[in-house]
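There are 2 protein chains.
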Amino acid sequence: MYPKSFKKLIDYFASLPSIGPKMAERLVLYLFKQDKDFLENFGTTLKELKINLRYCQRCFNISEENLCEICQDSSRQLKRICVVEDPLDVIAIERTKKYQGIYHVLGGTIGLVRKSEQGKIKLSELEERITNEKIKEVILATNPTTEGDATALYILRTIRPLGVKVTRLARGLSTGGDIEYADEITLSSALTNRKEFT
Amino acid sequence: MYPKSFKKLIDYFASLPSIGPKMAERLVLYLFKQDKDFLENFGTTLKELKINLRYCQRCFNISEENLCEICQDSSRQLKRICVVEDPLDVIAIERTKKYQGIYHVLGGTIGLVRKSEQGKIKLSELEERITNEKIKEVILATNPTTEGDATALYILRTIRPLGVKVTRLARGLSTGGDIEYADEITLSSALTNRKEFT
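Chains as they are written, first to last, in numbering that gives the first Met the number 0: chain A, 0 to 197; chain B, 0 to 197.
You may find that some hints are simply not true.
To be verified - Chain B regions said to be covered by chain A (calculated; three or more residues, Cβ under 8 Å):
#1 119 to 127
#2 177 to 185
Unchecked claim - Mimicking DMTMM-like on lysine to aspartate or glutamate, the simulated pairs with C-alpha atoms at most 20 Å apart in a straight line are:
#3 B:K46 / A:D88
#4 A:K7 / A:E39
#5 B:K7 / A:E68
#6 B:K3 / A:D88
#7 B:K6 / A:E39
#8 B:K32 / A:E47
#9 B:K21 / A:E179
#10 A:K121 / A:E136
To be clear, the hints were calculated from the coordinates, so they are not data collected in a lab.
Idealized CB from N, CA, C, for every residue including glycine.
Please construct the entire structure, taking both the sequences and the accompanying hints into account.
This is how it looks when you write it as structure tokens:
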């Protein structure tokens, strides 16, 4: 029904996460209405995405050089590592401007289903860094989900013998949230972790 | 915060309809994890989208040749034109397999706000076709929205002097829908357009 090149691009878009076939159709129709220069530049940027980028050799964040911007920044505290699942988490934490340490990007969580996936996250690299870089504190900042919690627990057990201080991000109510609509687990955490009000 | 080429691609995705900045971030991170061949092919398909495609000279549907597949199909009824807003509507109507006539793609609706937009839809081309192709029936299949209805009315007034039969797609309940949850306007249409049950 569609012309071939139209169909092919729809398939590419539909293969992306959270884009369904209907949305892919609409996106491609929108793109078809744009001028040639836009498509040309968009296409080139897409093709070159991996050419200029690589993973940081130390923390596995996305980087334009062998070491990422954060690892190159001499003003950071080098004895504190924040362990996150993927590079977008680094961006989110950096936006808070509250963290001066460095990062370690796992590249995912341990697979709860497939055991073989466990080898894929950068855990042995984390162990090496803790020893070689004489790290004092590891902040586990995996997502507050079943997979993220399991990964945090798995990492804790793996690195505990190294004698490093291990912390986990606090759980509680979201700012701007509504107690009435908070789920039970979040509300329990908020109660358990309540702080003295001074 | 992001490397430049990463940021640039995020901006391209975020410029597309119904993709917000957060979703664009996630899409680009997903793409970054794919292999180079995938990006290469995706990028090439995007760049070439308009190279092989054009608008059908007769009905303004998307086409690989001067006339689209439907206009080239000699088995279609050539005296009946279905007027739609954009090429995705052609696809939707073709999927029903209930229509044997040909199409006319307007390329949008008349702007309810900006008067100048009215010149952009292919209305004068429709008038020419009705006369030149000796069309017997024009089916107005613009969307059942305020803009679509206004466009249908505007077209009706423009082509009525040509003496052609003009019809509009039926309004009523959606199949699989629930009367309890139907909006008042749809339910009113369904009542007004009720058919004898035989």
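Now for the hints, and whether the structure bears them out:
Taking a C-beta to C-beta cut-off of 8 Å, the stretch 119 to 127 of chain B contributes 0 residues in contact with chain A, too few for the three needed, and the coverage statement is violated. Restraint check on the stretch 177 to 185 of chain B versus chain A: 0 residues with Cβ-Cβ distances below 8 Å, three needed, restraint violated. Among the hinted pairs, K46 (chain B) with D88 (chain A) is inconsistent with the structure: their alpha-carbon atoms are about 31 Å apart, more than 20 Å. Distance hint between K7 (chain A) and E39 (chain A) is fulfilled; the C-alpha atoms sit about 17 Å from each other, no more than 20 Å.
Distance check on the hinted pair: K7 (chain B) and E68 (chain A) sit about 17 Å apart at the alpha-carbon level, within 20 Å; holds. Taking the CA atoms of K3 (chain B) and D88 (chain A), the gap is about 18 Å. The hint holds against a cut of 20 Å. As the CA atoms of K6 (chain B) and E39 (chain A) are separated by approximately 17 Å, the hinted pair is consistent with the 20 Å bound. With a C-alpha separation of about 13 Å, the suggested pair K32 (chain B) and E47 (chain A) falls inside the 20 Å cut-off, and the hint holds.
Distance check on the hinted pair: K21 (chain B) and E179 (chain A) sit about 27 Å apart at the alpha-carbon level, beyond 20 Å; violated. Distance restraint check for K121 (chain A) and E136 (chain A): the Cα-Cα separation of roughly 18 Å lies within the 20 Å cut-off, and the hinted pair is therefore satisfied.
Violation of the numbered hints given earlier is confined to hints 1, 2, 3 and 9; the remaining hints are satisfied by the structure.
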